[in-house]
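Here the protein sequences line up with chains C and W, keeping their order. Start counting the first sequence at 1; every next residue gets the next number (this note's numbering). Start counting the second sequence at 1001; every next residue gets the next number (this note's numbering).
There may be inaccurate statements among the hints.
To be verified - Sample of chain C residues at the chain W side, in silico, Cβ under 7 Å: (1) W37; (2) V46; (3) I57; (4) G60; (5) G64; (6) M81; (7) A93; (8) K97; (9) L98; (10) L104; (11) F108; (12) M109.
Said to hold, decoys possible - Far from chain W, some chain C residues (derived; all Cβ distances over 12 Å): (13) F41; (14) F50; (15) V83; (16) A87; (17) P110.
As the list claims (entries may be wrong) - If you only want the chain C side, here are some residues facing chain W, beta carbon under 8 Å, derived: (18) S71; (19) Y79; (20) T82; (21) N85; (22) L88; (23) Y89; (24) L90; (25) V96; (26) G106.
FYI, nobody ran anything at the bench for these hints, they're computed from the structure. Where is the CB? At the ideal position from N, CA and C, for every residue including glycine.
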Amino acid sequence: MADVIHTQQVLPAQAFAGATARQRFWRGHLQPGEYFWALAFIIPYVVVFFAFVVYPIAFGVWLGSKPELYSTLLDDPVYWMTVVNTALYLGVAINVKLFLALLLSGFFMPRGGGSRRC
Amino acid sequence: MIFVLPWAVPQLPTYISIHWMLNGEWGMLNNIIWHLTGENGPNWLTDRWLALGSVMVTHIWKWLPFWTIILLAGRMAIPSDIQEAARVDGATGFKLFYHVNFPLIANLYLICTLLSTIFSLGDFNAVFFVSGGGPANSTHVLATLGIRYAFDMADPRLGVASVMTALPLLIPLVIILMRKFRTSQVQL
């Protein structure tokens, strides 16, 4: 067992015997020929991630970053009604729904119930 | 099959038809009430609490099948020999449920509650299309209020800020949910 792990760890180290620590950091355990393809495969995902995850979140945080907005919000009576409504909606509707779901799931259980363990 | 239907049909047409069904003057529901009792039914969407209640009932009607199926799947995964052993020991009915079945799906139930809370915190459709923010903006939730600020009042920054105020609730929920997922590997 120990032999297997040992040989697997030695292989990349031999391939990069001449590489500096800095190059090893960027290239990891890749062979020199694999480097281009690794980048080619990862770049579309990185671009999509930044365009559709990081950028919208950052933009949203930036839009809502002024403190004056929140004082406007707290002065608005509609906002407080909304907070009460949201709390009721989450607190009542969801618990009633899941409790009913629990009861109904018992109602729909096949007779004999449960999975057979072989 | 029929039970799953509310979940399977598209959201918006059902919400809009529920909105018109609840109309106080000539909606279907009040027509039925009038034909059965001869009384005028309540104005469902012109009273704050009735409108909010209507939205909640709509939400429950819409999403109950989904969570029932999830919990049903969780229950069916309980090996039946555990229940047989409990029956041999004399547990029946409520006792069997309370001491055997429920502890085994309690974690799933909690995860469902958290997930449903996170989903519903951003729920826009049910509120917007059934009560529309309701009489005099009194039945908004954070999502619809954000849209109202951003588009009806032309202040996108205020809209974003109002939705942002859900984050102090949302982030802890997500963290707890992630913890639960990590620790719920093996229950039996």
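Right, here's what the structure says about each hint:
| no. | hint | verdict |
| --- | --- | --- |
| 1 | W37 | violated (33 Å) |
| 2 | V46 | violated (24 Å) |
| 3 | I57 | violated (11 Å) |
| 4 | G60 | holds (6 Å) |
| 5 | G64 | holds (4 Å) |
| 6 | M81 | holds (5 Å) |
| 7 | A93 | holds (4 Å) |
| 8 | K97 | holds (5 Å) |
| 9 | L98 | holds (6 Å) |
| 10 | L104 | holds (5 Å) |
| 11 | F108 | holds (6 Å) |
| 12 | M109 | holds (6 Å) |
| 13 | F41 | holds (28 Å) |
| 14 | F50 | holds (20 Å) |
| 15 | V83 | violated (8 Å) |
| 16 | A87 | violated (9 Å) |
| 17 | P110 | violated (7 Å) |
| 18 | S71 | violated (10 Å) |
| 19 | Y79 | holds (7 Å) |
| 20 | T82 | holds (4 Å) |
| 21 | N85 | holds (5 Å) |
| 22 | L88 | holds (7 Å) |
| 23 | Y89 | holds (6 Å) |
| 24 | L90 | holds (5 Å) |
| 25 | V96 | holds (6 Å) |
| 26 | G106 | holds (7 Å) |
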